[in-house]
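Undergrad: Below are the chains, spelled out letter by letter.
2 protein chains.
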Amino acid sequence: MAKLYGSLSSRAHRTAWMLKELGIEFEHEPTNFLDGSTRSPEFLKVNPNGRVPAYEADGLRLFESLAINLYLARKHQSPLSPASLEEDALMTQWTHWVMTEIEKPLLLASANLLLFDEHKRSPAEFEVALNKLARPFAVLEQHLSEHKYLVGDRFTVADLNVSAVMTLIRLASLDMTAWPNVDAWLDDCLERPAAADWKAIRFKIPRPDSDLGVLAMFV
Amino acid sequence: MAKLYGSLSSRAHRTAWMLKELGIEFEHEPTNFLDGSTRSPEFLKVNPNGRVPAYEADGLRLFESLAINLYLARKHQSPLSPASLEEDALMTQWTHWVMTEIEKPLLLASANLLLFDEHKRSPAEFEVALNKLARPFAVLEQHLSEHKYLVGDRFTVADLNVSAVMTLIRLASLDMTAWPNVDAWLDDCLERPAAADWKAIRFKIPRPDSDLGVLAMFV
Numbered sequence: 387m388a389k390l391y392g393s394l395s396s397r398a399h400r401t402a403w404m405l406k407e408l409g410i411e412f413e414h415e416p417t418n419f420l421d422g423s424t425r426s427p428e429f430l431k432v433n434p435n436g437r438v439p440a441y442e443a444d445g446l447r448l449f450e451s452l453a454i455n456l457y458l459a460r461k462h463q464s465p466l467s468p469a470s471l472e473e474d475a476l477m478t479q480w481t482h483w484v485m486t487e488i489e490k491p492l493l494l495a496s497a498n499l500l501l502f503d504e505h506k507r508s509p510a511e512f513e514v515a516l517n518k519l520a521r522p523f524a525v526l527e528q529h530l531s532e533h534k535y536l537v538g539d540r541f542t543v544a545d546l547n548v549s550a551v552m553t554l555i556r557l558a559s560l561d562m563t564a565w566p567n568v569d570a571w572l573d574d575c576l577e578r579p580a581a582a583d584w585k586a587i588r589f590k591i592p593r594p595d596s597d598l599g600v601l602a603m604f605v
Numbered sequence: 387m388a389k390l391y392g393s394l395s396s397r398a399h400r401t402a403w404m405l406k407e408l409g410i411e412f413e414h415e416p417t418n419f420l421d422g423s424t425r426s427p428e429f430l431k432v433n434p435n436g437r438v439p440a441y442e443a444d445g446l447r448l449f450e451s452l453a454i455n456l457y458l459a460r461k462h463q464s465p466l467s468p469a470s471l472e473e474d475a476l477m478t479q480w481t482h483w484v485m486t487e488i489e490k491p492l493l494l495a496s497a498n499l500l501l502f503d504e505h506k507r508s509p510a511e512f513e514v515a516l517n518k519l520a521r522p523f524a525v526l527e528q529h530l531s532e533h534k535y536l537v538g539d540r541f542t543v544a545d546l547n548v549s550a551v552m553t554l555i556r557l558a559s560l561d562m563t564a565w566p567n568v569d570a571w572l573d574d575c576l577e578r579p580a581a582a583d584w585k586a587i588r589f590k591i592p593r594p595d596s597d598l599g600v601l602a603m604f605v
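These protein sequence lines are chains A and B, in that order. Just so you know, the first sequence maps onto residues 387 to 605 in this note's numbering. Just so you know, the second sequence maps onto residues 387 to 605 in this note's numbering.
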């Protein structure tokens with residue numbers, strides 16, 4: 387049976403969502419990324435990077451949540467899967483786009499809205515993050531003003547991967563008034579029954595003591 | 387004919403390398419990312435993100451260099467291409483890994499070795515970056531101590547994508563003595579004739595005036 391490692395408070399929720407969309411049964415090992423379990427000698431044999439999720443099935447071991455999801459989409463044909471190499475290219479493109487343009491600045495924004503203790507949040511860092519996010523959010527807003535979904539006019543692994551990274555928007559209650567199409571699309575994606583695990587995500591990040599520590603955390 | 391946008395001093399060199407490996411003729415528009423050309427109204431029609439590279443062929447428009455390369459590998463069968471869905475999964479995995487684990491800290495390290503003016507470099511920031519890189523470099527070192535290449539015991543798009551991001555190691559003369567297998571593999575990849583464009587990369591980044599500006603640049 388397929389096996390997924392990683393607490394559903396971690397990026398493992400992204401792959402749990404994909405597996406549930408596809409109806410794939412899996413064993414779940416909720417390896418905790420906050421208590422050192424992802425750095426244990428046993429776990430490092432599963433993923434030498436010491437990160438979750440990790441996925442095992444049919445003798446294949448994979449890391450990187452969004453790469454696992456793209457593989458699952460290709461392997462298990464469904465409406466979420468690419469119907470052609472061109473759709474696959476666009477699904478991979480949007481997946482890379484959310485990693486490049488959104489993930490880190492959204493984490494910085496969320497840290498300063500939610501994940502850092504309240505008295506350790508920095509409005510200036512939040513502004514920096516929001517300024518970085520404004521451009522990709524505008525690109526997505528424009529795309530979603532013309533298309534209901536990212537690729538092929540149906541919910542696919544592209545929407546799943548991009549919206550799964552964006553769960554932090556909801557967890558941190560980031561104001562999305564300026565991007566109404568993104569806001570509505572995000573609801574559409576994240577309210578799917580298979581996605582529900584993200585709603586239970588609860589964690590805090592201790593703010594590093596220095597500006598250099600903050601840089602180290604987010605670079 | 388296929389068309390590639392982006393100066394070869396930019397991430398466009400990654401896709402130029404892939405196109406040359408595959409023997410695909412292409413028109414090259416060396417859109418400059420330092421003089422504002424990537425933000426012109428004309429270019430934003432090609433890539434609304436205002437970044438290079440962008441790629442057009444057969445009515446398909448793509449952005450994100452490493453996603454374009456994975457598409458080209460799938461579209462044009464060669465030894466660089468995945469021979470199975472499992473190889474494809476691993477090639478995508480390593481591509482995501484270099485984006486997640488290497489790209490940003492390597493840029494921070496390189497900024498403080500080369501890209502910032504000499505009197506504006508920060509040894510402390512360099513140390514932060516090197517500390518972040520040590521873990522993924524060790525993972526890659528271990529893998530390459532057991533395998534000549536990343537996937538399938540031959541040079542593939544996985545090696546191309548990962549080593550193309552790592553050109554900064556050579557441009558910035560980062561000391562790789564601690565990771566000899568990575569060092570040798572990187573030579574093997576970057577000395578391929580199709581890769582040669584990276585050697586001409588020359589650019590500087592102005593150091594932002596504040597710690598907040600540095601965070602904004604690298605997040």
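Treat the hints as calculated values from the structure; they're not laboratory data. Bear in mind the structure is a predicted one, so any value in this text is a computation, not a measurement. A few of these clues could be false.
Since the list gives no way to pick out one identical chain from another, each pair is judged satisfied if it fits inside one copy or across any two copies.
To be verified - Quick list of in silico lysine-lysine cross-link-like pairs, DSS-like style, CA-CA up to 25 Å:
hint, residue 1, residue 2
1, 406, 506
2, 490, 389
3, 590, 490
4, 518, 431
5, 534, 431
6, 389, 506
7, 534, 506
8, 506, 518
9, 406, 534
10, 518, 490
11, 518, 406
12, 518, 389
13, 585, 490
14, 389, 534
15, 406, 389
16, 490, 461
Undergrad: So which hints don't hold here, by number, going up?
TA: 1, 2, 6, 7, 11, 12, 14, 16
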